[in-house]
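**Student:** The residues making up each chain are set out below.
Number of protein chains: 2
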Amino acid sequence: MKSNIDKDLLREREKCTFDIQELVHIIDGGKDKTLMRKSIEDLVLSIKELKDEVPEDYLSHAEKYENAIRKGCILFDMYFYLTKNNTKLDNSPSNVYRIHEGILKQVNPFILHFGLFMPTIMSQASEEQQAKWLKKNSRMIGTYAQTELGHGSFLRGLETTATFDPEKDEFIINSPAITSYKFWPGGLGHTVNATIVMAQLYIKEKCLGTHLFLVQIRDFETHKPLPGIKVGEIGPKMSFNTANNGFLGFNNVRIPRENMLMKNSQVLRDGTYIKSKNAKLTYGSMVMLRVQIISDVAYEVARAVTIAVRYSAVRHQSLLKEGEPEPQVLDYVTQQHKLFISIASSHACRVVGQWVWKRYTKVIAQIGEGNLSELPELHALTCCLKAACSRDGLALVESCRLACGGHGYLLSSNLPNLYGIAAAAVTYEGEHTVVLLQTARFLAKAWNGAVNGKKLPPTLAFLADYCNKNVQSWSDCSEGIVEGFKAIAAGKLKAACDSIQAHLNKGRQFEDAWNLCSVQLIIASEAFARYLLCDIFWKETQNMVKSVSKNLAVVLQQLVELYLVYWALEKRGDLLMYTMISKDNIELLQARYEELLGLIRPNAVPLVDAFDIRDEILCSTLGSYDGRVYERLMEDASKSPLNKQDVHDSFHKYIKPLMIKHKL
Amino acid sequence: MKSNIDKDLLREREKCTFDIQELVHIIDGGKDKTLMRKSIEDLVLSIKELKDEVPEDYLSHAEKYENAIRKGCILFDMYFYLTKNNTKLDNSPSNVYRIHEGILKQVNPFILHFGLFMPTIMSQASEEQQAKWLKKNSRMIGTYAQTELGHGSFLRGLETTATFDPEKDEFIINSPAITSYKFWPGGLGHTVNATIVMAQLYIKEKCLGTHLFLVQIRDFETHKPLPGIKVGEIGPKMSFNTANNGFLGFNNVRIPRENMLMKNSQVLRDGTYIKSKNAKLTYGSMVMLRVQIISDVAYEVARAVTIAVRYSAVRHQSLLKEGEPEPQVLDYVTQQHKLFISIASSHACRVVGQWVWKRYTKVIAQIGEGNLSELPELHALTCCLKAACSRDGLALVESCRLACGGHGYLLSSNLPNLYGIAAAAVTYEGEHTVVLLQTARFLAKAWNGAVNGKKLPPTLAFLADYCNKNVQSWSDCSEGIVEGFKAIAAGKLKAACDSIQAHLNKGRQFEDAWNLCSVQLIIASEAFARYLLCDIFWKETQNMVKSVSKNLAVVLQQLVELYLVYWALEKRGDLLMYTMISKDNIELLQARYEELLGLIRPNAVPLVDAFDIRDEILCSTLGSYDGRVYERLMEDASKSPLNKQDVHDSFHKYIKPLMIKHKL
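As you go down the protein sequences, you meet chains A and B in turn.
The first sequence begins at 295 in my numbering and counts up by one.
The second sequence begins at 295 in my numbering and counts up by one.
Hint data in this document are derived by calculation from the structure and do not stem from the laboratory.
The reader is advised that the hints may include incorrect statements.
Note that identical chains are pooled: a pair holds if it fits in a single copy or bridges any two copies.
Unchecked claim - Straight-line Cα separation of at most 20 Å, EDC-like style, residue types lysine to aspartate or glutamate; simulated pairs:
| no. | residue 1 | residue 2 |
| --- | --- | --- |
| 1 | LYS358 | GLU616 |
| 2 | LYS615 | GLU805 |
| 3 | LYS938 | GLU357 |
| 4 | LYS358 | ASP313 |
| 5 | LYS788 | GLU888 |
What you are looking at is a predicted structure, and each value in this text was computed from that prediction instead of being measured.
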């Protein structure tokens, strides 16, 4: 076994100063979870039909879909086997089922059946509805259709209508304009036969806002689209090419009244509308998805940096010193600068993701008891953290890709696909700018509260200290950096709120002032997210290291410190504006940063090994555990259908005639 | 005609305050060039065989290649028609032939025949060789094979060998290891029959460094690979999927001695090696490619922002004020913040690209007269400008893509492809970090010269002023910002050089000190590039506006000021460190920035119209001139081969059996 492993990687692994397995368990969330994950990976990988003979990237768009359905059905089958018909879904952030992402790296066309269709029924349908729709033999494979061609994040703008017909006790679903076509739902194209539809409810010509409806769209037997349904897929994308994202138009499609999801709002037989007790209740599932995205970013960044660090250990290039052999690329400090922040950031996102998840479960429990008081704060936290983490993820994955030079441009490295996956997260479940402005609205309100001496939500209590303080003192240590980010968050928020006030003083309307200051508001919202990331990552790590072995504690402290110092240097201008940091302090930070890179260097490969991502999930010619990079690049190329022929037909059809015509 | 145009776009165009055609001519480099470009566009677009029935993105990798060869041959034919067999190539930056990028949006497999194979023969082959290889009936379609699996930017590390056999008067070409396989050259896979090969020259067991050789790799008649040649394509990539990038291995392939390109170095019949008079002469073509990249970035960013601005004018979303209609997305200041910097940056790259091109032609003329004195400075300028512009391009294209929300994720928007194209430029023709460090080496030398009172190259003369100055005064105007960037460049360079010195003082070797400080060196190199971009863009614009009409001058000044203020705000921390700018000055800049966004807003659509990029080059469902976004999205989806069937075969093969098995 060892003999097949690249000698540089062997040497790197010998240098490891900590217990890799200990870190693996921490990342998985406990030894039991590691064991569970590994047993599922073994089980799924034992199915030889899940391996592709020709890599998916060589296939046409239609072939990719067929292959994904084939593999998706095997996994669907596996799901029934694993859950033994226990349909209780565990949505907590976890790496237990990530092997899935290795089998269908551009996403399972059935993903929204489990990820949104069933959860929405569980959370938004009445008990009778749940009993009916979740039982065996319901025949439904479903998705969730909210976004339309013309509207995304702004739900009030959705145009699909559901008009109550009291005579027949039915709703009539319609797409009144091309912009009202549902567009984007995964699996909608050709895979599902039912969907939850978000539509504007009309009763007696009165619009009562968006509600959810269960609509069958294809015949359960023949899979043919039902009358009035126009459905298909929307074409190729950056990634998610096997997700079968679809469009859907309705022309007078009738569904029974009982198909409106009635846990909260209801329409009675006579057309009486009973309003939901609290509109905020619909927040819940969006908040959950955003929390999951933070943890997903941790995993995608871990994948990218595992590939890039291993490749950088195997790759030798150029000269540091004349006459010496070419060094490993990982020995260049510029390469360490590109990569080690990704290792640290993956830990940061994981730790923060777990922290937010705990808050989420607490708030959900409170809601169950009728207490919604903490929901707005949670919503604000998850909005800006989703935005910041997904954007960090995008930058970090791309930095890892670029760090692999030309070979990182090959799809066989899997880095472009990881980029595509990371890119989607910036937009879906709340577009970046939109969610940042949602947090900003909460922050601006809190700032006004602080100025007026009102009680503030716990995570914003610090604002009270900043109402009359201009500059925060500076202290050269990790806590000092966290305090610095707190000062930046307060300072940016104050600046944005002051600008709004200045516009109001000039007689502008609040909405215009808000728009004019929105660039600053976004900056304030990002600054708040960065403070949260630094603060939570730092504090949670201090708790965690109390219970880990000494050597590992050293490494974990290096990672959190690297994260803090990296961001302090990135935001040095903001620190100069909002704290008493000096030019000398900044030079110290720069020196400490370079020192940390050197300290982490010997453990770089062990640190990515500890993410414990199997080759079958990495799917990368550059990142495999054995480091046989060049062999794998050639091996993948040899699978190209174009390489099955020495002379491609196009030579005879096109090139030869051209050569003859022009006497080439 | 007008009636088919989206009403919002009509309204936007009515608001235009300047003469669009005047700006079109400026961007093209003169009215004659505009006319020439348009006539070529008309000519090429009249060929109906160049239109795809099924968009390329739906095809398999192999189908894409065949389609590209088909279209590439038509364009090859067109090239002969246009040039009337006049093979003189004009390499100056120009948009005259950009229609090509619309026809083969993932690159022509023949591109390197014209782009590198022929130019290399022209510049590196002797006159007799040129006469022989450039004549009719040479039978060659060629490429340029330099990069290997194991080595990219570091040419000295290349492993392919060319060993002189004095007995047979031949070179024997070999690939001694898997890492020595040529990898990446465009067209190499299945398209070309000859290639320039860079290999280590060996005479009598002595290695004489890398040289260029012309090698036939396929039979001219049958196109079969010649004995000893192993050739194929390397698989799918982020973009460039029709470029037919290939690999190539040699096993004792013999070529005549006369196939070494002998303009500079020579090998005589008896094995005598005559060294090139000046090793720097090989710089030339690399410098040229890097200059072209700056202008290419201008064009790719123009494409991306044309798409994003038009889409943002057509798209309505959310509410600014309760009760009013949904505003155009372009009215959100956050959207203007995302997009207008791309408009300005495209102009910046074009202007700077032209400026560098002028310097390049001057230096090349000097070289012709035996004067190489300005080549090192030109090399340093092009290195950091290539790095900075390509990196800006990547960020700007992605910002445009993200500004289009979910629909920007669709390949039919063409934004992902533009991202892939922009991403490649960061790595090719000199990897980002490598070229930045090359400039840094020149800068560090100049800094030492400045400290020691030596004469400095013209663009670095300012360093002399900064040897004993710590902080630059601040002035609230465009010149002040340019001066600020000059101060940052000097300050960052000084900091990096001081750090190196500190390491040397501790007894470290220079090479180790260099590596330890390389993150700072890169920052210094980037800062120098940003200063150049600001300085040249500003000064050239001041010259240009003297000869344009008044209304256009106002707009051009707004764009250059936006560029300066945007970057001043981005680099506010550096300005705080290296100039006397105050917090109040920064707030003024922020206010001015927001003001400039408002001033540019009414001309946003006309400004992208002035890039004058035809729909056939934009290739975008979101960006067409008529703004019929939603219709085009649905139209493109309707072309999906998957949508030709109501029920896809995979339902019967996989889904139905699953439903039956599990009583779904």
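**Student:** Going back to the hint list, which numbers does this structure go against?
**Tutor:** Of the numbered hints given earlier, those the structure breaks are 1 and 4, listed in rising order.
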